[in-house]
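Protein chains: 2
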Amino acid sequence: MKVIKSVSDMAVKASRLVQGGKRISFVPTMGNLHEGHLSLMRMAKPMADILVVSIFVNPLQFEPGSDFDTYPRTFQEDLKKCEDLGVDIVFAPMESDLYPEGFQTMVEVSEVSKGLCGDFRPGHFKGVATVVLKLFNIVKPRVAVFGEKDYQQLCVIRQMVKDLNLDIQIVGHPTVREPDGLAMSSRNQYLSPEERVRAALLYKLLKEAQERFEKGERRAQALITHVQTGLAKDPKIAVEYVSIRERDNLKTIDVVDKPAVMALAVHIGKTRLIDNIFLTS
Amino acid sequence: MKVIKSVSDMAVKASRLVQGGKRISFVPTMGNLHEGHLSLMRMAKPMADILVVSIFVNPLQFEPGSDFDTYPRTFQEDLKKCEDLGVDIVFAPMESDLYPEGFQTMVEVSEVSKGLCGDFRPGHFKGVATVVLKLFNIVKPRVAVFGEKDYQQLCVIRQMVKDLNLDIQIVGHPTVREPDGLAMSSRNQYLSPEERVRAALLYKLLKEAQERFEKGERRAQALITHVQTGLAKDPKIAVEYVSIRERDNLKTIDVVDKPAVMALAVHIGKTRLIDNIFLTS
Chain A
1 MKVIKSVSDM
11 AVKASRLVQG
21 GKRISFVPTM
31 GNLHEGHLSL
41 MRMAKPMADI
51 LVVSIFVNPL
61 QFEPGSDFDT
71 YPRTFQEDLK
81 KCEDLGVDIV
91 FAPMESDLYP
101 EGFQTMVEVS
111 EVSKGLCGDF
121 RPGHFKGVAT
131 VVLKLFNIVK
141 PRVAVFGEKD
151 YQQLCVIRQM
161 VKDLNLDIQI
171 VGHPTVREPD
181 GLAMSSRNQY
191 LSPEERVRAA
201 LLYKLLKEAQ
211 ERFEKGERRA
221 QALITHVQTG
231 LAKDPKIAVE
241 YVSIRERDNL
251 KTIDVVDKPA
261 VMALAVHIGK
271 TRLIDNIFLT
281 S
Chain B
1 MKVIKSVSDM
11 AVKASRLVQG
21 GKRISFVPTM
31 GNLHEGHLSL
41 MRMAKPMADI
51 LVVSIFVNPL
61 QFEPGSDFDT
71 YPRTFQEDLK
81 KCEDLGVDIV
91 FAPMESDLYP
101 EGFQTMVEVS
111 EVSKGLCGDF
121 RPGHFKGVAT
131 VVLKLFNIVK
141 PRVAVFGEKD
151 YQQLCVIRQM
161 VKDLNLDIQI
171 VGHPTVREPD
181 GLAMSSRNQY
191 LSPEERVRAA
201 LLYKLLKEAQ
211 ERFEKGERRA
221 QALITHVQTG
231 LAKDPKIAVE
241 YVSIRERDNL
251 KTIDVVDKPA
261 VMALAVHIGK
271 TRLIDNIFLT
281 S
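Chains as they are written, first to last, in the working numbering: chain A, 1 to 281; chain B, 1 to 281.
Since the hints were made in silico from the structure, they are not lab data. One or more hints might be untrue.
One copy or two, it doesn't matter: identical chains are merged, so the pair holds either way.
Claimed, not checked - Below 27 Å or equal to it, Euclidean Cα-Cα: the simulated DSSO-like pairs (lysine-lysine) are:
| no. | residue 1 | residue 2 |
| --- | --- | --- |
| 1 | 162 | 2 |
| 2 | 126 | 251 |
| 3 | 114 | 126 |
| 4 | 233 | 204 |
| 5 | 207 | 236 |
| 6 | 45 | 162 |
| 7 | 162 | 251 |
| 8 | 215 | 233 |
| 9 | 162 | 126 |
| 10 | 2 | 81 |
| 11 | 22 | 162 |
| 12 | 2 | 80 |
The whole structure should be built from the sequences, with the hints applied where relevant.
Laid out in structure tokens, this is it:
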């Protein structure tokens, strides 16, 4: 396994691979790799000839006052996991190399970035779209895999790829969960043991809403109210949003008569958690 | 010469060429080709194996109330000129194919888009950056040639390419001029015969300022005042701006002690004209 830290070295290496007829698959991460990330890599590995994983905690996507400084960084452990999994190249750029002085270009995907997390994390999806486009241009993948836990992010990237005519297949991987249903996330380790127990409620309620949908409930508000009521019973959980949107374009929907996604964000103590579930008949 | 109108056909064709080891050079245009465009093509032709010219009047870069509807469209004549010049592929996409329903991604290059034309054409450079990035992704060039007449545009594109890690060489071509010095532009044909005579004043004054600079004048304001005073003598010319900026990053400059560009924009009757000249010792 190669570890490349220089942007220009990675760009040259990728160009040579592509010119040599190799297909690159790509999993961008912020490191602190858990089973969710590893599942994306296992999915990406057989989809091309060379698997590249990037590790970069992207300052552009952390809104002011968020956890950029304290975000868990575990580079050596991450490298070991990548090596064990058969990653070919880990690309771990320096911030000053990816955003040199004078950097000033941002990519904005307007519609699908609105609502949901977009309302609570101003600038977040601009930061995500910009770094992902830069990484795509450097790594030159034919296919890239993203987790469905960050579902709005996945939609933003799909829309960007379509709108900017990038020849990259974007693949979503189903959310990987802990035994009690909590979606895996690097931020779960911020939870105290007591908060960790409470956090299982998120997926439990999403599953209940999905079951009600499958039994015939099509009114979005009824399903949302079920989840909101359930969350309100725990005084330690503060709800940011519970919402149902069209699955493919995140447009608001009152009657769930087409494929949809139910998404939520909450704070438990100081930790912000998100999750979602598909509603498809 | 191939004429390709479909975005996906062009993307597939370009991919095949690149995979076959061919290098593509690219001249994006809005058509209505004049000697300025043809000079860019002659420069681009020997720089790669395949010369692609795009013809697309990009609605995103026309601010409200500007000349999008009346912009001269001369497709058949343009094709003839491209064929005579040895262009390999003319890419002439439909608006609905480049911007399908739901299109929502924009690229913003913030700093160099400010001031100069950026102050008078809100959204213009966002539209330019977005369409050029799309065209680059579709056409997949190794080198692209732009005219220096639209100097701020050239700076925006250079900055975008650098910031987004695109592996494309951006080449500027010196402004091509009429015998009396007027910079060639499709918009020159909007001028009445009398206005056309007056328009020669722009380059005459820029040259005078350049001569004063070469004789030792380093105060930006003195050079600007010379041009402004000269333009003010013609009551039919309305000045938008006369400005001197650093040549490479368009930062404002009071003392011309590094490579600089003097740029101006005026209206003569209903026609907006721009021009610029380098100040380098």
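Exercise. When no copy is specified for residue 207 and residue 236, does a C-alpha distance of 27 Å or less occur within a copy, between copies, both, or neither?
Worked result: For residue 207 and residue 236, only the intra-copy Cα distance (21 Å) is at most 27 Å; the inter-copy one is 72 Å.
Exercise. Using 27 Å as the alpha-carbon threshold, which applies to residue 45 and residue 162: within, between, both, or neither?
Worked result: Intra 23 Å, inter 30 Å, cutoff 27 Å: intra-copy only.
Problem set entry | Up to 27 Å CA-CA - residue 233 versus residue 215, copy category | within (24 Å within a copy, 80 Å between copies)
For this session: Pop the pair residue 2 and residue 81 into one bin, within, between, both or neither, using alpha-carbon distances up to 27 Å.
Result: Answer is within: at 13 Å inside a copy they meet the 27 Å cutoff, but 50 Å across does not.
Exercise. Quick one: residue 126 to residue 251, C-alpha cut-off 27 Å, is that within a copy, between copies, both, or neither?
Worked result: both (19 Å within a copy, 25 Å between copies)
Exercise. Given a CA cutoff of 27 Å, do residue 162 and residue 251 count as a within-copy pair, a between-copy pair, both, or neither?
Worked result: within (17 Å within a copy, 34 Å between copies)
For this session: Evaluate residue 22 and residue 162 at a C-alpha cut-off of 27 Å and name the case that applies: within, between, both or neither.
Result: So residue 22 and residue 162 pass the 27 Å test inside a copy (23 Å) and across (25 Å) alike.
Exercise. Is it within a copy, between copies, both, or neither that the alpha carbon of residue 114 lies no farther than 27 Å from that of residue 126?
Worked result: both (11 Å within a copy, 20 Å between copies)
Exercise. Checking residue 162 and residue 2: alpha-carbon separation at most 27 Å within a copy, between copies, both or neither?
Worked result: between (31 Å within a copy, 25 Å between copies)
For this session: First find the shortest C-alpha distance between residue 162 and residue 126 inside one copy, then the shortest across copies, and answer within, between, both or neither for a cut-off of 27 Å.
Result: both (16 Å within a copy, 18 Å between copies)
Problem set entry | Intra/inter-copy verdict for residue 233 and residue 204 if alpha-carbon distance must be at most 27 Å | within (13 Å within a copy, 78 Å between copies)
For this session: First find the shortest C-alpha distance between residue 2 and residue 80 inside one copy, then the shortest across copies, and answer within, between, both or neither for a cut-off of 27 Å.
Result: Answer is within: at 12 Å inside a copy they meet the 27 Å cutoff, but 51 Å across does not.
The structure agrees with every numbered hint stated previously.
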